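Student: Residue numbers (the numbering used here), protein chains in the order written: chain A, 1 to 381; chain B, 382 to 522.
No lab work stands behind these hints, which were simulated from the structure alone. Be aware that one or more of the hints could be misleading.
[To be verified] Chain B regions said to be covered by chain A (calculated; three or more residues, Cβ under 8 Å):
1. 390–401
2. 409–415
3. 445–456
4. 471–478
5. 501–508
6. 511–520
[Unchecked claim] Pairs of lysine-lysine residues, derived as BS3-like cross-links and limited to a Cα-Cα distance of at most 30 Å, are as follows:
7. A/LYS150 x B/LYS427
8. A/LYS96 x A/LYS260
9. A/LYS271 x A/LYS261
10. B/LYS394 x B/LYS427
11. B/LYS518 x A/LYS198
12. B/LYS483 x A/LYS198
13. B/LYS390 x B/LYS518
14. A/LYS260 x B/LYS427
15. A/LYS230 x A/LYS217
16. A/LYS217 x A/LYS260
17. B/LYS427 x A/LYS261
18. A/LYS150 x B/LYS487
19. B/LYS397 x B/LYS427
20. A/LYS352 x A/LYS308
21. A/LYS308 x B/LYS487
22. A/LYS379 x A/LYS308
23. B/LYS394 x B/LYS518
24. A/LYS150 x B/LYS410
25. A/LYS96 x A/LYS218
26. A/LYS308 x A/LYS230
27. A/LYS150 x B/LYS483
28. B/LYS397 x A/LYS198
29. A/LYS150 x A/LYS261
30. B/LYS518 x A/LYS150
[As the list claims (entries may be wrong)] Beta-carbon label-pair distances, calculated as ranges:
31. A/PRO270 x B/CYS428: 30 to 40 Å
32. A/GLN61 x B/CYS428: 37 to 47 Å
33. A/ALA80 x B/ARG431: 21 to 31 Å
34. A/LYS308 x B/VAL498: 45 to 55 Å
What you are looking at is a predicted structure, and each value in this text was computed from that prediction instead of being measured. Ideal Cβ placement from N, Cα and C applies to all residues, glycine included.
Below, each chain spelled out in residue letters.
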Amino acid sequence: MTDVYVVGTDMIRFGRFPDRTVPQLGAEAALMALDDAGLTIRDMEALYCGNLGEASAMVGQRILHEIGQTGIPVVNCANACATGATAFREGWIAIKAGLYDLVLAVGVEKMGRGLLGADRKADGIPTEGLLGSGTMPTVFATLGMEHTRKHGTTFEQFAKISVKNHWHSTMNAKAMYQIETPLEEVMGAEMISYPNTKLMCSVNVDGSAAAVLCSEKKAKELGLMGRAVKVRASVMTSDPYTERDLTMPDFNTCTQLAAKKAYEMAGLSPKDLDLVELHDCFATAEILHYGNLGLCEEGEAGALIDRKDTYLGGRIPVNVSGGLLSKGHPLGATGIANVYEVTTHLRGEAGKRQVEDARIGLTHVVGMGNACAIHILEKVD
Amino acid sequence: MAAPAAELKPVVKFLKRHADGRPYLEGHKCEACGTVFIGERSVCSKCFARDRIRAVELPNRGTLYAYSIIHRSYPGVEVPFVSAVVDVEGGGTLKGNLMGVKPDPKTIEMGMPVEIVYGDAGRTDAEGHHYLAYFFKPAAR
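Based on the sequences and whatever the hints tell you, model everything.
Tutor: Written out as structure tokens, the structure reads:
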């Protein structure tokens, strides 16, 4: 099977765009990624589109209505917060299968504001605050408390994640916020679901990101290998049975399983990674995934952030983009924005936040329900 | 507020009543592997056995596995409250409100025994019906 390369990628600056439609935002990132590759929509053999909010409304086709109706197949993907990564991976699969040489993956989302999480209301009365809480901050806060129970992780250690990612975002012009938040400010912010304060929750923003995927043969033929980044692994899992998963969604096991498969596929170990963009939808979540992705021994995550090992300049920088916490989390765009971030570092084009000599990077997302997707990307010599 | 207990409608389908009106929570147990699920099903998602699931009455005892203290929820939801995940004795995991504790992490101990109790949900639907809900409260060791 052919190797697959990212030959073009970009994202719009995440923000709030009340006057623009989902297809318009998607179209902008699509054109930026095509420009980055030096290609046009005419060169694309298929489009894989990730969007959650308008999942039944043919967003991929509507993007083509904006940028060029070439008649190519369009696959619209919805997979909770793993939506963008799912679209990217579907493109990877198609090239791997030998069906196409060049495909476009776009992730796009317009978000409302406020708390995410559905209240059950089929018949009877709402159960939020009656039978516990189903808000997203609570789901990930409860998982954080499980980490506390097992490993003694403290509120302060969770808060430090937010301090780090907000600092990272000051170096990313495409992040929603570029504001430093000292530890006292993070810990003293409005408590949402203990231990997650408001500054430990990801930002609901609008955004889009896109990537052009290419087979090895075609990339060489078109002279695109110079800035190409190789996809060393693409893995997706759902939630295998675990004891409490159906009551308390288990994002640990599906991530551990995906990580194991991704390292196997790439023939790499966590020690080979130079940077990681992982799913910090809440500060507590980032702590969980340090162990899940093998960045530290199980239970050492608190010490990892205490030592600043995951800061830019540290042993294994995590979320140097600012992460979902400060760059923002437009659900369908997030997975591809992660690919953009890692690719930018592997190309040595990340400016002030550049991870020095980055050769290999990992992207990770989880979607509640559950889905986990991991990609390992490598610089091409 | 409280309508007579017998007139309260169960807030979830797995909250059942005995013939004498006493409420209980119903689990579904796989006879092949022993796993207890909350909610009806016919196939075991752990061992994949088909048609080996039978309804069981869950005991009103368990232990607190993990929790969060909610200070901001949807508009109209009274805060703070403790959202608790409880492992039921003998199998099965439930989420619910932990009552009778201070909403302060210093006072809530993961692993502590809890009791499942029943009462008026304190909310009514559009037609004014009252509902029966379950709650957790700390149990004596």
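Student: Now, for every hint given, state plainly whether the structure supports it.
Tutor: Outcome of the hint check:
Counting residues of the stretch 390–401 of chain B whose beta carbon lies closer than 8 Å to any beta carbon of chain A gives 3, which reaches the threshold of three, so the coverage claim holds. Only when three residues or more bring their CB closer than 8 Å to a CB of chain A does the claim for the stretch 409–415 of chain B stand; here the count is 0, and the claim is violated. For the stretch 445–456 of chain B, the stated coverage by chain A is satisfied: 10 residues place a CB nearer than 8 Å to a CB of that chain, which reaches the threshold of 3. With 5 residues carrying a beta carbon less than 8 Å from a beta carbon of chain A, the stretch 471–478 of chain B meets the three-residue requirement, and the given coverage holds.
Chain A is given as covering the stretch 501–508 of chain B, and this holds because 5 residues of the stretch bring a CB closer than 8 Å to a CB of that chain, at least three being needed. Here's how the stretch 511–520 of chain B fares: 3 of its residues keep a CB closer than 8 Å to some CB of chain A, so the rule of at least three is met and the hint holds. Taking the CA atoms of A/LYS150 and B/LYS427, the gap is about 24 Å. The hint holds against a cut of 30 Å. Distance hint between A/LYS96 and A/LYS260 is fulfilled; the C-alpha atoms sit about 21 Å from each other, no more than 30 Å.
In summary, the hint linking A/LYS271 to A/LYS261 is supported, as the alpha carbons are separated by about 15 Å, within the 30 Å threshold. With a CA separation close to 22 Å, the supplied pair B/LYS394 and B/LYS427 stays within the 30 Å bound. Using a Cα cut-off of 30 Å, the hinted pair B/LYS518 and A/LYS198 holds, with the two alpha carbons roughly 28 Å apart. A hinted pair counts as satisfied when its Cα atoms are at most 30 Å apart, and B/LYS483 with A/LYS198 qualifies at roughly 22 Å.
With a CA separation close to 22 Å, the supplied pair B/LYS390 and B/LYS518 stays within the 30 Å bound. About 21 Å separates the Cα atoms of A/LYS260 and B/LYS427, which keeps this hinted pair within 30 Å; it holds. The straight-line distance between the Cα atoms of A/LYS230 and A/LYS217 is roughly 13 Å, inside the 30 Å bound, and the hint therefore holds. With a C-alpha separation of about 29 Å, the suggested pair A/LYS217 and A/LYS260 falls inside the 30 Å cut-off, and the hint holds.
This hinted pair checks out: B/LYS427 and A/LYS261 have alpha carbons roughly 21 Å apart, not beyond 30 Å. Restraint check for A/LYS150 and B/LYS487: satisfied, since their Cα atoms lie roughly 17 Å apart, inside the 30 Å limit. For the proposed pair B/LYS397 and B/LYS427, the alpha carbon gap of about 25 Å is at most 30 Å, so the pair holds. Restraint check for A/LYS352 and A/LYS308: satisfied, since their Cα atoms lie roughly 18 Å apart, inside the 30 Å limit.
Distance check on the hinted pair: A/LYS308 and B/LYS487 sit about 27 Å apart at the alpha-carbon level, within 30 Å; holds. For the hint pairing A/LYS379 with A/LYS308, the CA-to-CA distance comes to about 25 Å; that is within 30 Å, so the pair holds. For the proposed pair B/LYS394 and B/LYS518, the alpha carbon gap of about 21 Å is at most 30 Å, so the pair holds. For a cut-off of 30 Å, the pair hint linking A/LYS150 to B/LYS410 stands: about 28 Å separates their Cα positions.
Proposed proximity of A/LYS96 and A/LYS218 is supported: the alpha carbons are some 13 Å apart, at most 30 Å. A distance of roughly 29 Å separates the Cα atoms of A/LYS308 and A/LYS230; the hinted pair therefore holds under the 30 Å criterion. Among the hinted pairs, A/LYS150 with B/LYS483 is consistent with the structure: their alpha-carbon atoms are about 23 Å apart, no more than 30 Å. With a C-alpha separation of about 38 Å, the suggested pairing of B/LYS397 with A/LYS198 is violated against the 30 Å cut-off.
For the proposed pair A/LYS150 and A/LYS261, the alpha carbon gap of about 25 Å is at most 30 Å, so the pair holds. For a cut-off of 30 Å, the pair hint linking B/LYS518 to A/LYS150 stands: about 23 Å separates their Cα positions. At roughly 32 Å, the beta-carbon separation of A/PRO270 and B/CYS428 lies within the given 30 to 40 Å, and the hint holds. For A/GLN61 paired with B/CYS428, a C-beta distance near 42 Å keeps the hint of 37 to 47 Å intact.
Range check, A/ALA80 to B/ARG431: Cβ separation about 28 Å, and the 21 to 31 Å hint holds. Between A/LYS308 and B/VAL498 the beta carbons are some 46 Å apart, a value that agrees with the proposed interval 45 to 55 Å.
The structure fails to meet hints 2 and 28 from the earlier list, while all remaining hints are met.
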